[in-house]
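Each chain, letter by letter, is given below.
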Amino acid sequence: MRLLIHTTLFLSVFIFIGSSRIFSVEPSPQVQADTLVNTADTVGVSVAPVTSLLVDDYKYDNGEQLNLSWVPSIDDQLIDGKVSVYRVYRITNDSTRELIAELPPGSNSFTDKNLNRHDTYRYIVAAVSASDDEVLSTTTEPVQPQREWINFRRGYLFLLALIIGGAVIYYIQSARRGKKLFVRKIAGLEAVDEAIGRATEMGRPILYIPGILDMDDVQTLAAITILGRVAHQIADYDTKIRMPVSRSLVMTAARETIKTAYQTAGRPDQYSDDMVSYVTDEQFGYVAAVDGIMVREKPATVFLLGAFFAESLILAETGNSIGAIQIAGTARPAQLPFFIAACDFTLIGEELFAASAYLSGEPKALGSLKGQDVGKAIAMIVILVGVIAVTIGNAWDVKFMNDVKDMLTTIFSTQ
Amino acid sequence: MRREVPLFITFFIGMLLIFSVFIPPMESLGEDFTVFFDIIAVFAFFLGGGNLLRVHVSKLTRQKRDWQYSIVTLLGFAVTLVIGLFKIGNPGGIAAAPTAAGSLFQEIFDYCLVPLGATMYSLLAFFVASASYRAFRAKNREATILLIAAFIILLGRTPFGTVVTGWIPESFDVLQVPNLAVWIMNAPNLAGQRAIMIGIGLGVVSMSLRVILGIERTYLGEDKS
Chain A
22 MRLLIHTTLF LSVFIFIGSS RIFSVEPSPQ VQADTLVNTA DTVGVSVAPV TSLLVDDYKY
82 DNGEQLNLSW VPSIDDQLID GKVSVYRVYR ITNDSTRELI AELPPGSNSF TDKNLNRHDT
142 YRYIVAAVSA SDDEVLSTTT EPVQPQREWI NFRRGYLFLL ALIIGGAVIY YIQSARRGKK
202 LFVRKIAGLE AVDEAIGRAT EMGRPILYIP GILDMDDVQT LAAITILGRV AHQIADYDTK
262 IRMPVSRSLV MTAARETIKT AYQTAGRPDQ YSDDMVSYVT DEQFGYVAAV DGIMVREKPA
322 TVFLLGAFFA ESLILAETGN SIGAIQIAGT ARPAQLPFFI AACDFTLIGE ELFAASAYLS
382 GEPKALGSLK GQDVGKAIAM IVILVGVIAV TIGNAWDVKF MNDVKDMLTT IFSTQ
Chain B
8 MRREVPLFIT FFIGMLLIFS VFIPPMESLG EDFTVFFDII AVFAFFLGGG NLLRVHVSKL
68 TRQKRDWQYS IVTLLGFAVT LVIGLFKIGN PGGIAAAPTA AGSLFQEIFD YCLVPLGATM
128 YSLLAFFVAS ASYRAFRAKN REATILLIAA FIILLGRTPF GTVVTGWIPE SFDVLQVPNL
188 AVWIMNAPNL AGQRAIMIGI GLGVVSMSLR VILGIERTYL GEDKS
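Each protein sequence line maps, in turn, to chains A and B.
Take any residue in the first sequence, note its place counting from 1, add 21, and you have its number in our numbering.
Take any residue in the second sequence, note its place counting from 1, add 7, and you have its number in our numbering.
A couple of the hints might just be wrong.
Simulated pairs of lysine to any residue, SDA-like, Cα-Cα distance not exceeding 25 angstroms [to be verified]:
#, chain 1, residue 1, chain 2, residue 2
1, A, Lys201, B, His63
2, A, Lys206, A, Ala400
3, A, Lys385, B, Lys66
4, A, Lys280, B, Ala145
5, B, Lys94, A, Lys280
6, A, Lys280, B, Ile222
7, B, Lys94, A, Thr301
8, A, Lys80, A, Ile95
9, A, Lys80, B, Gly91
10, B, Lys146, B, Ser129
11, A, Lys201, A, Lys426
12, B, Lys94, B, Lys66
13, A, Lys426, A, Asn172
14, B, Lys66, B, Leu82
15, B, Lys71, A, Lys80
16, A, Lys385, B, His63
17, A, Lys397, B, Val211
18, A, Lys319, B, Ile222
19, A, Lys397, A, Ile190
20, A, Lys280, A, Lys319
21, B, Lys66, A, Glu318
22, A, Lys319, A, Val395
23, A, Lys385, B, Leu82
24, A, Lys426, A, Lys385
25, A, Lys206, A, Glu383
26, A, Lys261, A, Met223
27, A, Lys426, B, Phe19
28, A, Lys385, B, Cys119
29, A, Lys280, B, Phe15
To spell it out: a stretch of chain A is covered by chain B in this simulated footprint if at least three of its residues, at any positions, have a beta carbon under 8 angstroms from a beta carbon of chain B; those stretches are [what the hints assert, rightly or not]:
#, region
30, 112 to 119
31, 157 to 164
32, 210 to 224
33, 414 to 428
The set of hints was computed from the structure by calculation and includes no laboratory data.
Note that beta-carbon positions come from the ideal geometry of N, C-alpha and C, so glycine has one too.
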């Protein structure tokens with residue numbers, strides 16, 4: 022773990038240096054086309070050509086893109102403009118030119134994607150009049166896209182990831198050393214015991230729905246980890262669990278999880294593969310099946326944890342209509358209001374991901390929750406600074422505030 | 008080994024995918040792994056399909072409660088599978104795509120599955136009404152605020168909202184119901200959603216690190232972290 026922290030620190034220094042451009046990247050080839058009109062290729066000249074056509078390597082990619090920029094035709098005016106469209110032509114190696122894009126008037130740039138870095142490319146941009154007469158710029162010099170090995174544009178993102186990831190690892194280590202960590206109570210998770218106990222007393226099953234996405238979705242993963250904790254209690258209380266799923270891999274993972282929980286609880290003979298059954302991948306087919314199970318078997322407790330879409334309210338309202346105690350949780354903000362309206366307890370967003378750690382009560386897992394707080398503190402500070410910078414910068418045009426705003430935009434830009 | 012190998016694979020692939028975001032030649036790695044996952048998921052479908060058959064055949068042979076419905080499920084499964092596999096009723100023959108226009112497989116989808124799905128989806132209208140009724144009962148201060156906000160947005164999205172407050176002069180147009188509705192959606196609602204999204208983002212980071220570092224192992228069928 023210490024090695025990991027040292028590696029993290031080294032990489033943060035490296036990326037900081039990289040962001041400062043000490044490791045400068047070779048300037049990309051930039052070719053300016055002759056701005057004269059190629060009269061030989063011009064038919065019925067009626068508009069002025071584009072000028073200053075430049076082709077430039079797209080920075081920090083795998084050598085697959087080139088940027089084109091130009092000064093629009095002087096006849097490209099907002100009012101009474103004569104240019105109807107710009108046509109971008111590409112010549113790959115020594116082949117004939119091919120039309121790759123048509124752009125509206127006012128355009129002055131284009132990014133050509135999906136190129137091969139072993140080929141050379143030349144470009145022509147034509148200004149086209151309303152009568153479809155093309156006026157071509159001259160052809161640019163041949164250019165090859167360049168490949169870069171590190172995307173320094175994402176340097177700030179890397180730094181942020183290191184800070185937040187480092188904080189999580191730091192608090193996990195602190196918890197391992199025995200430091201006591203305070204984690205606020207989450208009502209929905211406090212109610213898990215009560216909900217399982219209720220099903221036991223009533224002699225009815227517990228219905229566990231892990232959403233409708235596959236194991237490659239982090240919400241489904243969270244649902245399966247919570248299932249591990251819940252199944253342990255279910256096995257302890259010798260209650261029945263019913264888990265219809267809409268993905269085959271989820272079925273396999275859920276069976277393993279429940280089986281282990283029953284083995285750990287000392288009741289391996291009580292486990293049955295029938296506890297988890299595959300229904301269908303089809304969204305509303307699955308909903309129909311689950312609604313049918315709810316109405317026929319009347320489970321005492323329903324867990325709706327994972328990724329849900331339009332079916333969230335249909336499932337939650339059916340559960341409500343049969344009087345089941347419902348604990349729901351999802352990381353899809355659009356579905357949260359439905360769960361809050363129809364369920365007894367709702368795990369909102371991050372609480373879904375915290376649930377497994379919370380239920381386990383293990384210091385290492387709780388330490389990771391504490392690490393999130395560092396990320397929240399950063400988010401709060403950035404929001405506060407951003408709001409102040411935008412408000413003052415816009416109201417009084419203060420340069421420093423505008424610079425702060427631009428810096429934050431650069432740091433948190435996703436490109 | 009049963010424990011170490013999956014943990015090593017998780018750690019290695021997890022770290023690889025994190026770093027691939029910052030290394031342009033590796034950027035497409037995430038998409039490649041998604042394709043790998045899809046291939047594995049296709050094979051896993053045999054498990055799912057097999058389970059479906061086992062459950063319903065067992066229900067049918069033992070004549071458990073509501074066993075008649077299993078006949079519909081099994082027939083639907085078998086008929087669709089055979090028609091899709093052998094391109095029965097496909098104008099393009101065996102070489103054509105199963106979903107080719109006019110094929111029987113596509114018609115089963117269009118005229119059976121889609122209407123059935125739409126029927127389930129349409130239930131949402133009734134459930135929205137019943138859930139709204141419960142959520143908007145002004146039991147306390149928060150529920151009252153929710154009720155007022157919902158009323159303004161509902162009114163603001165209808166022509167009636169424009170008519171009712173159309174008389175408010177331009178200088179106070181922010182008080183017109185449609186504008187109020189837009190403000191509620193763009194300011195308090197969006198701010199709340201973004202706060203939740205930031206929390207979710209951090210939650211995903213924390214959970215992913217627990218999985219990658221092997222602290223969270225429940226998904227592997229292990230009880231102890």
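Hint-by-hint comparison with the structure:
no.	hint	result
1	A:Lys201 with B:His63	52 angstroms, violated
2	A:Lys206 with A:Ala400	22 angstroms, holds
3	A:Lys385 with B:Lys66	45 angstroms, violated
4	A:Lys280 with B:Ala145	46 angstroms, violated
5	B:Lys94 with A:Lys280	40 angstroms, violated
6	A:Lys280 with B:Ile222	20 angstroms, holds
7	B:Lys94 with A:Thr301	22 angstroms, holds
8	A:Lys80 with A:Ile95	30 angstroms, violated
9	A:Lys80 with B:Gly91	47 angstroms, violated
10	B:Lys146 with B:Ser129	29 angstroms, violated
11	A:Lys201 with A:Lys426	39 angstroms, violated
12	B:Lys94 with B:Lys66	30 angstroms, violated
13	A:Lys426 with A:Asn172	23 angstroms, holds
14	B:Lys66 with B:Leu82	14 angstroms, holds
15	B:Lys71 with A:Lys80	65 angstroms, violated
16	A:Lys385 with B:His63	44 angstroms, violated
17	A:Lys397 with B:Val211	13 angstroms, holds
18	A:Lys319 with B:Ile222	36 angstroms, violated
19	A:Lys397 with A:Ile190	16 angstroms, holds
20	A:Lys280 with A:Lys319	24 angstroms, holds
21	B:Lys66 with A:Glu318	16 angstroms, holds
22	A:Lys319 with A:Val395	43 angstroms, violated
23	A:Lys385 with B:Leu82	51 angstroms, violated
24	A:Lys426 with A:Lys385	38 angstroms, violated
25	A:Lys206 with A:Glu383	15 angstroms, holds
26	A:Lys261 with A:Met223	11 angstroms, holds
27	A:Lys426 with B:Phe19	38 angstroms, violated
28	A:Lys385 with B:Cys119	51 angstroms, violated
29	A:Lys280 with B:Phe15	23 angstroms, holds
30	112 to 119	violated (count 0)
31	157 to 164	violated (count 0)
32	210 to 224	violated (count 0)
33	414 to 428	violated (count 0)
In summary, the structure is inconsistent with hints 1, 3, 4, 5, 8, 9, 10, 11, 12, 15, 16, 18, 22, 23, 24, 27, 28, 30, 31, 32, 33 from the numbered list given earlier, while agreeing with the others.
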